[in-house]
Amino acid sequence: LVDQVLSCDNDISNLLETIACCNGGTDLLVQAGVTRALISASEEYTKDFSVRSRKTYGNAMADHPQYIFGHVSLLNTMLASEYSEYTHQRLILDAAQFIQIHISTIESLFGQFPENEELLFDFLTTIALVASTSKNGDKVRMQQLFDDSILSILDQRIEGLAMHVFEFPFPEYVLPFLPGNLRVPGGHQGGSQVWWNRIPAISNTIESSGIDALVLPHPPCGIGARRSMLDNSDSTRPWTVRMYRYACAATNCLDVCLTYMMHRSSFQTDMVSLAVALYRSTETICSIEERLRNLRAINDEGIVDMMNFTNINIGPTNDIANMRFARRKEIESLQNLGASLASCVAKLLQVIKSVIDITLKSLRDGSCTLSHRDMQVSSHCLLTAFSSSQIECALGCIDILQDDFAVSNVLQTLVNESKQALTFISR
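Using the numbering used here, the first residue of the sequence shown is number 2, and each one after it goes up by one.
No wet-lab data here; the hints were simulated from the structure. Check before you lean on any hint, since a few could be wrong.
Under the rule of at most 27 Å between Cα atoms (straight-line distance), these lysine-lysine pairs were calculated in the DSSO-like manner [to be verified]:
#1 LYS348 / LYS362
#2 LYS420 / LYS348
#3 LYS420 / LYS354
#4 LYS420 / LYS362
What follows is a set of in silico ranges between Cβ atoms, one per label pair, in the way DEER data are often shown [what the hints assert, rightly or not]:
#5 SER8 / GLN421: 58 to 64 Å
#6 GLN421 / SER368: 19 to 25 Å
#7 ASN182 / LYS362: 24 to 30 Å
#8 ARG325 / GLN351: 37 to 43 Å
#9 CYS9 / GLN90: 25 to 31 Å
#10 ASP375 / GLN157: 17 to 23 Å
All of these numbers come straight from a predicted model, not from anything done at the bench. Beta carbons: idealized from backbone N, C-alpha and C, even for Gly.
Using the sequences and the accompanying hints, generate a full structural model.
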């Protein structure tokens, strides 16, 4: 089996994942040298693989062999399984080495996003699993696992993607403008660098047919959206089921990025970016929940009005059936996206609380490097996001979307503690 890993067999990973899921399976695989074989195969693959690091999204796509997908998936299954303490040390060290060997691959995937997002998601999962199992040692442990240069790349890339997806859960042309006091220097920029602008180029290489090609009303984006939610008359930028799939895929990557950030207590994201992320995400969650309520309550007459903005072929005998089908697909898409985004907001609030705690500590021990003015501006931006009406609405919506009515109480405590600390910082 190890020889088949070394020979980059496309199917061996599935068998080994099955073994890893069994009691003692991961211990057996590590002792047999499977993780070392994954490392050796990775070294061969990356010998001729190099890419220039870029900060934008939608770079030229690179093809990755199928066995790479299997190798990353296998490693994730092993990391997520139960294993002995002895295996833990060897597995984490080998997983960290696997990540370092593939750093050029990972950087290229960030640049290609949203293309190859499945492989990026798998690599991000590997990174997050390594970070979460290293929590007891936290910063020191992570620095023991990774070279400083590698750790810096991971921190910057993961934070950058997370804040970018938060700011643009949907294309820029449908989103409301941010409040004036959140559009400050240091915030993320839109324009040609928005990841959604890569979608038309990808779609041109993929035949859109069947359910994915179904045109739906534009997504709910809150008060002040740049275009009407039901205005789908622009045939050059139709909103389809496929677009919701991209939105969900990006939010899944965002969720794993936040898991990594949560387990890096030394992670210091700037408060302006966090404010934009919080404002945009809570606004979007509330809009999704409101749209879901309307869709579920709509009658057949309302469905007819909605169908004027889709491309469903309405036949002479099954008009209502087709219309109900379109409504069902929109509800499914919004429910999936809303639940995923709700999970992200819950994690974002924990990241924000961690950043605020680090800032307070630096103020008290005199190690803060920000000027008093910069501190006031950034903390005020975050207070603005917390004080918006969307945050209270979003906490209730998170309960509904996650089908868990105990979550908002915990998150409300985080919000209250964060607001109190920010009030102190902004003085």
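Comparing the hints with the structure gives:
no.	hint	in the structure
1	LYS348 / LYS362	21 Å, holds
2	LYS420 / LYS348	17 Å, holds
3	LYS420 / LYS354	9 Å, holds
4	LYS420 / LYS362	16 Å, holds
5	SER8 / GLN421: 58 to 64 Å	59 Å, holds
6	GLN421 / SER368: 19 to 25 Å	22 Å, holds
7	ASN182 / LYS362: 24 to 30 Å	26 Å, holds
8	ARG325 / GLN351: 37 to 43 Å	40 Å, holds
9	CYS9 / GLN90: 25 to 31 Å	27 Å, holds
10	ASP375 / GLN157: 17 to 23 Å	20 Å, holds
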